[in-house]
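The listed protein sequences correspond, in order, to chains X and V. 1 is the number of the first residue of the first sequence in the numbering used here; add one for each residue after it. 1001 is the number of the first residue of the second sequence in the numbering used here; add one for each residue after it.
It should be emphasised that the hints constitute simulated quantities derived from the structure, not laboratory data. Glycine residues also receive a C-beta, built at the ideal position from the N, C-alpha and C atoms. Hints may be right or wrong, so weigh each one.
[Claimed, not checked] The list that follows gives simulated cross-link-like pairs (lysine-lysine, DSSO-like), each with its CA atoms no further than 27 Å apart: (1) X:44 / V:1133; (2) X:182 / V:1078; (3) X:182 / X:301; (4) V:1151 / V:1078; (5) X:196 / V:1054.
[Stated by the list, open to error] Sample of chain X residues lacking proximity to chain V, with all beta carbon distances greater than 12 Å (derived): (6) 44; (7) 189; (8) 261; (9) 342; (10) 519.
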Amino acid sequence: MVRGAWCAVRGGLRITRALLVLALLVPLTAHRSPLAAQGASEGKAVYDQWCSGCHGTTGAGNGYAATRMLPRPRDFTRAVFQIRTTASGELPTDADLRRVVDEGMPGTAMPAWKSRLTARERDAVVGYLKTLSTFFQGQNPTPITIGKAPRSTPETIRDGRATFEKLECFKCHGELGRGDGKSAPTLKDDWDQPLKPADLTEGWNFNGGYTVEQIYTRLRTGLDGTPMPSFSEAVDSKIITDEQLWHVAQYIRSLSPERPPEPRDVMRAAQVATLPGGPDDSAWAGVERYYVPMVGQVIQKPRWFAPAVNTIWVQAVHDGKSLALRLTWHDRSKSPDPAWDEWLGRMQQAMTEGDAPVSATQGPDRLYLQFPLHAGGDAERPYFLGGSSRRPVYLWRWSSEGDDLEEGTGTGLGSFKAGAGGEAAHVARYDRGEWQLQITRPLVPHDTTAATPFPVGETIPIAFFAADGSNGETETQGAVSAWYAIYPDVPTAPGVYVTPIIALLLTAGVGLGIVRRAQKHRNG
Amino acid sequence: MKHLMLSAIVVSLAAFGSRAAPVAQGGSVTGTVKFTGTPPANPKVDMSEEAACKGKYTSDPVVMVTNGSLANVLIYVKSGLPAGGKYAVPSAPVTIDQEGCLYHPRTLAVMVGQQLAIHNSDAVLHNIKVVPKKNRGFNISQPTKGMTTSKTFTTEEMDIPVQCNVHSWMHANLNVFSHPFFAVSGADGSFSIKGLPPGKYEIEAWHEKLGTKTMTVTVPATGSATANFSFSAAAR
Chain X
1 MVRGAWCAVR GGLRITRALL VLALLVPLTA HRSPLAAQGA SEGKAVYDQW CSGCHGTTGA
61 GNGYAATRML PRPRDFTRAV FQIRTTASGE LPTDADLRRV VDEGMPGTAM PAWKSRLTAR
121 ERDAVVGYLK TLSTFFQGQN PTPITIGKAP RSTPETIRDG RATFEKLECF KCHGELGRGD
181 GKSAPTLKDD WDQPLKPADL TEGWNFNGGY TVEQIYTRLR TGLDGTPMPS FSEAVDSKII
241 TDEQLWHVAQ YIRSLSPERP PEPRDVMRAA QVATLPGGPD DSAWAGVERY YVPMVGQVIQ
301 KPRWFAPAVN TIWVQAVHDG KSLALRLTWH DRSKSPDPAW DEWLGRMQQA MTEGDAPVSA
361 TQGPDRLYLQ FPLHAGGDAE RPYFLGGSSR RPVYLWRWSS EGDDLEEGTG TGLGSFKAGA
421 GGEAAHVARY DRGEWQLQIT RPLVPHDTTA ATPFPVGETI PIAFFAADGS NGETETQGAV
481 SAWYAIYPDV PTAPGVYVTP IIALLLTAGV GLGIVRRAQK HRNG
Chain V
1001 MKHLMLSAIV VSLAAFGSRA APVAQGGSVT GTVKFTGTPP ANPKVDMSEE AACKGKYTSD
1061 PVVMVTNGSL ANVLIYVKSG LPAGGKYAVP SAPVTIDQEG CLYHPRTLAV MVGQQLAIHN
1121 SDAVLHNIKV VPKKNRGFNI SQPTKGMTTS KTFTTEEMDI PVQCNVHSWM HANLNVFSHP
1181 FFAVSGADGS FSIKGLPPGK YEIEAWHEKL GTKTMTVTVP ATGSATANFS FSAAAR
């Protein structure tokens, strides 16, 4: 009886399942070839597994991770895409979508998928995401025609700069391209989320890549869904020539380094005769810059998912008595700044799912540097987030509020005990989207129990924390770095230069002697 | 007999033509839009960052009342038109001008396929971003004075935001209709919708801040029906 009932249930289930499969297949096969249907279901499987967490199951850009991301994941239902080879307002081509899936979106949370998904899977997912919006139905978008880039020369780059000014690109991107233009605090995307104008000096973070061709294409098509407009119409209306637009692309390209910068574990502090007098001292121009990438503090509550500072450049020199560090970082605002109240308001709206509400008032900008308090023979470095009670850190805390530098120690993120100190001197200046800070301190402090010594010829671990007050950041909610090290160079002994010269002279002398003896021998 | 056939062809051709052609004659709906009470204060605008526009306007004219007349109200036929009716696209474009870092007018309506001419009268960079949901949006730059760009829309859609990201205070709203029976009230509050076939229509008046008012009118075969609207601060 039981068995009979079970069989009936099973039989019923089998029929139901068969009906379900049929029901699913019928609408698909009615319009497409079985192969296309298979592709669509493969695309959906890939999408559900890898994409839906951010982009949402229906593609509305509302996956469970979305609210912790700025910019937000793309909402596919509106079919508005930034990176296209088609005119503003047009749909992207399949190749455009495939490129973003392959390469990701630098500067955002979107990773490159070419190493994780097969080409077939990536094609399938592109096919699937086009089904998430009705706009794609029956459409076959065509790319704009792009000519060949003229040769880049100092003249074309100069003309590009002039056109950049004529087109008023600085209104958003800032006079020096650091994304600090006057309109910057008011910018938002089509979904009313705060959106920063690109820092044109950090091409490696451009969403669509930073070759001259890629930049030119962005200028022609605009970045739909963002405030960045298309400039094709300006060319069509003969306000600028197509060549001039190429020059703008070449100028923008020239603002970033040739290759994406690579962090180096050890940053060398060369010995110099005289330390620079401040961060704007021209002597710094000849000192190597080290790249320190920064990421949001997403480990300890309250976490921070939308850091404003993504790079710190570090330079270091010493004169045998003191160490001087020059730290520069791009920050779109000199906080607090009333012009950024609107931005902060939008940040409060956007970052509602954090561990704490975003501060209602703008704090100062901050840069903290930490060193292991007890370095020396002990190889183990303190916990990178501000140390611990077992392994404290020696801290320099600079704040734009009153342009103040505090010296002390810390035993964890946000912990600070003023101590010893008084020996670290600093000069800070803000210039068009960039903070420049020079800190100088004797290599050997008065009290080595309260401050880390910087012995010449040894590596000194160093780590960074940065916060932008106008972005709602605080002394714990900001950007952090991993540990790096500063290496104050051992002074070069005069012998290093003299010995090779003596050796050279000796060799030449001996050689000459041999030749002369040989000549004498023959003559004699 | 031949004659008869020819005239039959002519008649049927004329009938065919009338389906796509505008109703050249027909009735109209005219009226004025009034505002009673004290108009709400308009938001202040600080244009000090833009030398070319600074001081020209000091507030965003959301509610524009002159001698009790309300401008920038969209009046359109909401219902009553025969289903599936096809209407010729007006050949004249609708122009939106950027002057003094504001949009003029700030309420616009076009028919599907009708040209929207976007003009820049300012010697500064504006970008014009249109953010619809049912139509395709766009974002184009107009870096100099005198530039005009034309665009069209494909689907009926109300209250599409038009914005400039360089000047965040600049707002306009665009409305796209599948018929040509709409108008926007002028500074004197008057409007006129022409060429309506005789019949009973529901007319709606919409203001971006003050909300909507509707009324039913009967348009005679010739002549005009009147639709006067009145808004107040508490409407929405």
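Now for the hints, and whether the structure bears them out:
1. Between residue 44 of chain X and residue 1133 of chain V the CA atoms are separated by roughly 24 Å; this keeps the pair inside 27 Å, and the hint holds.
2. Proximity of residue 182 of chain X to residue 1078 of chain V is assessed by CA-CA distance (about 42 Å); at most 27 Å being required, the pair is judged violated.
3. In summary, the hint linking residue 182 of chain X to residue 301 of chain X is not supported, as the alpha carbons are separated by about 33 Å, beyond the 27 Å threshold.
4. Distance check on the hinted pair: residue 1151 of chain V and residue 1078 of chain V sit about 24 Å apart at the alpha-carbon level, within 27 Å; holds.
5. Using a Cα cut-off of 27 Å, the hinted pair residue 196 of chain X and residue 1054 of chain V holds, with the two alpha carbons roughly 25 Å apart.
6. Even its closest Cβ contact with chain V, about 24 Å, leaves residue 44 of chain X beyond 12 Å, as expected for a residue assigned away from the interface.
7. Residue placement check: residue 189 of chain X does not keep its beta carbon more than 12 Å from all beta carbons of chain V (closest about 10 Å).
8. No Cβ of chain V approaches the Cβ of residue 261 of chain X within 12 Å, the least distance being about 30 Å, so the stated non-interface status holds.
9. For residue 342 of chain X, the shortest C-beta to C-beta distance to chain V comes to about 8 Å, within the 12 Å cut-off, and the non-interface label is violated.
10. Chain V leaves residue 519 of chain X outside its interface by the beta-carbon criterion, the shortest separation being 80 Å against a cut-off of 12 Å.
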